[in-house]
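Engineer: Read off the chains here:
2 protein chains.
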Amino acid sequence: MERNKNIAKLREGYLFPEINRRKRKFLENNPNAKIISLGIGNTTEPLKKHITKALVEASTDLGTVEGYSGYGDEQGLTALRDRIAEKLYGGIVSGEEVFTSDGAKCDIGRLQVMFGNDVSVAVQDPSYPVYVDGSVIIGATGEFDDSKKQFGKMTYLPCTPENGFFPDLERCKKTDVIYFCSPNNPTGAVSTKKQLKELIDCARDNKSIIVYDAAYAEYITDKKLPKTIFEIEGARDVALEVNSFSKPLGFTGVRLGWTVVPNELTYDGGEKVIDDWNRVTCTIFNGASNIVQKAALSALDDAGLDEMRKTVGFYMENAAIIRKTLKDVGVEVYGGDNAPYIWARFPGRKSWDVFEEILETANVVTTPGSGFGPAGEGFLRFSSFGHRKDIIEACERLEKNLG
Amino acid sequence: MERNKNIAKLREGYLFPEINRRKRKFLENNPNAKIISLGIGNTTEPLKKHITKALVEASTDLGTVEGYSGYGDEQGLTALRDRIAEKLYGGIVSGEEVFTSDGAKCDIGRLQVMFGNDVSVAVQDPSYPVYVDGSVIIGATGEFDDSKKQFGKMTYLPCTPENGFFPDLERCKKTDVIYFCSPNNPTGAVSTKKQLKELIDCARDNKSIIVYDAAYAEYITDKKLPKTIFEIEGARDVALEVNSFSKPLGFTGVRLGWTVVPNELTYDGGEKVIDDWNRVTCTIFNGASNIVQKAALSALDDAGLDEMRKTVGFYMENAAIIRKTLKDVGVEVYGGDNAPYIWARFPGRKSWDVFEEILETANVVTTPGSGFGPAGEGFLRFSSFGHRKDIIEACERLEKNLG
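The listed protein sequences correspond, in order, to chains A and B. When we follow the working numbering, the leftmost residue of the first sequence carries the number 1, and every step to the right adds one. When we follow the working numbering, the leftmost residue of the second sequence carries the number 1001, and every step to the right adds one.
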């Protein structure tokens, strides 16, 4: 049989494996280097007591006749779906609209399966690579244009300091699916309610569906900023939302995410999106781990929510340290106040060159902005996920080498 | 935007949710009925001590600085991949060829994404619904033909008592992807080494790729029968294999599966399938839960393997009880000796009718054979996953009502 021609369109490796490859290569040549990673947004702090206890209990229960459970509903544990709706959405979505899963990245892959290959797609530029690469794999894009660093048929919406990281929506007027991430990975920008209203109005006028990625919502400290698109009027008609416990709870390895599909969301012919999502979920997914789902319930009681705030608070202190360090040495920085990412500009330079330089001189791993799309060229993303001593040491090295 | 036209091709609900719907409806009308389920292959026995302890330890570790882990490799924990290769494949595949995941069903969905929509597909008939429904969703089939109960463009390979449940391979000579499940779900049939050699030769001659589903391999008691397709010469050139801890270890809710993609497996142009699988895995998957992967390591040490044998042995005793009961009342039965499923024939009757009758009279849930494909019409699948007392009571009721 022949290879899937869509996979052949992809460029190089997926961003983070490529960073790891370069890191390993550097370590081969410099075996004594003490590398600190501010690259991939990988949580580093141990789980807190209440949630660890819940995982232990859920594991222990599986060894008992009363506590054992096999297959659950593919859509997730009813109690967890209800509690997410109540505690994280204040009841503006219902539990039946929440589908729990093994993570936002995996849900995005399944959403792309649901939408199919016969759709046009818009992404913020820069953006989380899965929106683009997953769309390429499913066949929703054309070939890669090396001069533009863009895939054909895909609409790129530049988000830069010049437009306050909010795109010109005129550009996506004929797009079926719009991926939109706020707080943004990688820029750390957070859209205001007014901006999201514009986005929603645009989607409604053009019959687009917004895939709103709120994986960093818990990092919003400014109470005026929306934590979910469903706070905004009209969102239920045009948007679905993916989210995750990875970043607020340190569940990057534990795996739990969810997708909210409102009942009102329909295709042009009036077919409900939630019905198709349910069907795709039942067919090619089998539910998140029962251990993890049972424990996640505890993450949403009072003690759990308190731990979540502390976890987020810790990483946000890291973000402030990195942000200050970069600012102090004269780097132009964005983000880091309502998001765990700091987006730093290095005018006139290539991202991978600055990445290599910082790896060589400071032994700090970052993420090259160009890996997130052509408008990310000249930027680096600094992640605030790290032990405090590592963050401080990385910042000392950055101060010395960039200062 | 318009609905994905491929999803519109699907029939009714996915089989098992439909069974649950009918069961719930029956319970609404008969609230005092004590239903016993021999329907979905859902494990019922608590996890054994060694594996429960490993899950508890892995959970506890996440609460410590030394034991915490965030994102792992999407492909899985190296130690686990190596141990699966060693303990379950006796070293005939390498750890690098094993990709661990959240389950075989989910891997099949990702394999369908990898193959894309521009492929022709063959399935055994009857077969596990995910091969068919997942292929429909991805766009690899035509419309459903209601008279044939088949999707267009898809090749159905009848497996019946008349051909010893091994298909006529002449029928799939022009097919790109062949799904093949042994021990078979739902028929319980196990292919011999000689039969698999024929299948492999057919795939090699026609440049097809075999997706071999070995999720029930541990249920093989006859030592002459192959537990993996890689025992057969030539398999590495034409086959990949999906597998799971769900059934041998009771991990249906815990979630751990894997896919083996041999280095030698290529597309017509010589491109390695393992490279594309790696890319798809990295892009739309994020690894199985670290808790589960760490515990799975313990399932493959001596104590763990002993527990696995005991779990399998228990369910196989159930299978023998069900098989004998059905035989004693004169039902024509297949499977159940090297597989946890018993495939029972009810000549001249419709599967759903017999399903409803047994639900009404014996209050036992089964799975209608027609739900697995047109050649399953007139059959029911009995699953041997259940508490012993329930199996015995179900058999007493079946004896009374079918006898």
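What the hints contain is simulated information worked out from the structure, not anything from laboratory work. There could be a bad hint or two in this list.
[To be verified] A few chain B residues facing chain A, derived, Cβ under 7 Å:
id : residue
1  : Thr1052
2  : Val1065
3  : Gly1070
4  : Gly1103
5  : Gly1142
6  : Asp1145
7  : Asp1146
8  : Pro1158
9  : Asn1286
10 : Gly1330
11 : Val1333
[Claimed, not checked] Capping the alpha-carbon separation at 27 Å, the derived lysine-lysine pairs in DSS-like fashion look like this:
id : chain 1 : residue 1 : chain 2 : residue 2
12 : A       : Lys53     : B       : Lys1048
13 : B       : Lys1153   : A       : Lys53
14 : A       : Lys49     : B       : Lys1034
15 : A       : Lys25     : B       : Lys1153
16 : B       : Lys1034   : A       : Lys207
17 : B       : Lys1009   : A       : Lys5
18 : B       : Lys1224   : A       : Lys149
19 : A       : Lys272    : A       : Lys34
20 : A       : Lys5      : B       : Lys1153
21 : B       : Lys1009   : A       : Lys207
22 : A       : Lys49     : B       : Lys1053
23 : B       : Lys1023   : A       : Lys272
24 : B       : Lys1034   : B       : Lys1400
25 : A       : Lys9      : B       : Lys1153
26 : B       : Lys1025   : A       : Lys48
27 : B       : Lys1005   : A       : Lys5
28 : A       : Lys174    : B       : Lys1049
29 : A       : Lys272    : B       : Lys1049
30 : A       : Lys153    : B       : Lys1148
31 : B       : Lys1005   : A       : Lys9
32 : A       : Lys5      : B       : Lys1174
33 : B       : Lys1173   : A       : Lys5
Only a predicted model underlies this, so the values are computations on that prediction, with no experimental measurement involved. Even glycine gets a Cβ: it sits at the ideal position worked out from N, Cα and C.
Engineer: Does each hint fit the structure? Answer for all of them.
Structural biologist: Results of checking the hints against the structure:
1. With 7 Å as the threshold, the beta carbon of B:Thr1052 comes within range of chain A, its nearest partner Cβ sitting at about 3 Å, so the hint holds.
2. Among the interface hints, the one on B:Val1065 holds; its C-beta lies about 5 Å from the nearest C-beta in chain A, closer than the 7 Å criterion.
3. For B:Gly1070, the suggested interface contact is upheld, since its CB lies about 4 Å from the closest CB of chain A, less than 7 Å.
4. For B:Gly1103, the shortest C-beta to C-beta distance to chain A is roughly 5 Å, which falls under 7 Å, so the interface hint holds.
5. Among the interface hints, the one on B:Gly1142 is violated; its C-beta lies about 15 Å from the nearest C-beta in chain A, farther than the 7 Å criterion.
6. Violation of the interface hint for B:Asp1145 is found here, the shortest Cβ-Cβ separation to chain A being roughly 20 Å, above the 7 Å cut-off.
7. Violation of the interface hint for B:Asp1146 is found here, the shortest Cβ-Cβ separation to chain A being roughly 19 Å, above the 7 Å cut-off.
8. For B:Pro1158, the suggested interface contact is broken, since its CB lies about 23 Å from the closest CB of chain A, more than 7 Å.
9. About 5 Å separates the beta-carbon of B:Asn1286 from the nearest beta-carbon of chain A, less than 7 Å, and the hint is met.
10. With its C-beta approaching chain A no nearer than about 32 Å, B:Gly1330 sits outside the 7 Å limit, and its interface hint is violated.
11. The interface hint given for B:Val1333 is violated, since its Cβ lies 24 Å from the closest Cβ of chain A, which is over the 7 Å cut-off.
12. Of the pairs offered as hints, the one joining A:Lys53 and B:Lys1048 holds, with about 20 Å between alpha carbons and a cut-off of 27 Å not exceeded.
13. In summary, the hint linking B:Lys1153 to A:Lys53 is not supported, as the alpha carbons are separated by about 52 Å, beyond the 27 Å threshold.
14. The hinted pair formed by A:Lys49 and B:Lys1034 fails the criterion: a straight-line CA distance of about 41 Å is larger than 27 Å.
15. For the hint pairing A:Lys25 with B:Lys1153, the CA-to-CA distance comes to about 47 Å; that exceeds 27 Å, so the pair is violated.
16. Restraint check: the Cα-Cα separation between B:Lys1034 and A:Lys207 comes to about 49 Å, which exceeds 27 Å; the hinted pair is violated.
17. Between B:Lys1009 and A:Lys5 the alpha-carbon distance is near 24 Å, which keeps this suggested pair within the 27 Å criterion.
18. Simply put, B:Lys1224 and A:Lys149 have alpha-carbon atoms about 56 Å apart, too far for the 27 Å limit, and the pair is violated.
19. Taking the CA atoms of A:Lys272 and A:Lys34, the gap is near 53 Å; set against the 27 Å cutoff, the hint is violated.
20. Restraint check: the Cα-Cα separation between A:Lys5 and B:Lys1153 comes to about 20 Å, which is no more than 27 Å; the hinted pair holds.
21. A threshold of 27 Å between alpha carbons decides the hint, and for B:Lys1009 with A:Lys207 the separation of about 23 Å falls inside it, so the pair holds.
22. Only pairs whose Cα atoms come within 27 Å are accepted, and A:Lys49 paired with B:Lys1053 is accepted, the gap being roughly 19 Å.
23. A hinted pair counts as satisfied when its Cα atoms are at most 27 Å apart, and B:Lys1023 with A:Lys272 qualifies at roughly 25 Å.
24. With a C-alpha separation of about 16 Å, the suggested pairing of B:Lys1034 with B:Lys1400 holds against the 27 Å cut-off.
25. A threshold of 27 Å between alpha carbons decides the hint, and for A:Lys9 with B:Lys1153 the separation of about 26 Å falls inside it, so the pair holds.
26. Taken as a hint, the B:Lys1025 and A:Lys48 pair is broken in the structure, with Cα atoms around 43 Å apart against an allowance of 27 Å.
27. For the hint pairing B:Lys1005 with A:Lys5, the CA-to-CA distance comes to about 21 Å; that is within 27 Å, so the pair holds.
28. Using a Cα cut-off of 27 Å, the hinted pair A:Lys174 and B:Lys1049 is violated, with the two alpha carbons roughly 58 Å apart.
29. At most 27 Å may separate the alpha-carbon atoms for a hinted pair to count; A:Lys272 and B:Lys1049 exceed this at roughly 45 Å.
30. For the suggested pair A:Lys153 and B:Lys1148, the alpha carbons sit about 38 Å apart, so the restraint of at most 27 Å is broken.
31. The hinted pair formed by B:Lys1005 and A:Lys9 meets the criterion: a straight-line CA distance of about 24 Å does not exceed 27 Å.
32. Straight-line distance between C-alpha atoms of A:Lys5 and B:Lys1174 comes to about 19 Å, which keeps the hinted pair within the 27 Å bound.
33. For the proposed pair B:Lys1173 and A:Lys5, the alpha carbon gap of about 22 Å is at most 27 Å, so the pair holds.
The structure fails to meet hints 5, 6, 7, 8, 10, 11, 13, 14, 15, 16, 18, 19, 26, 28, 29, 30 from the earlier list, while all remaining hints are met.
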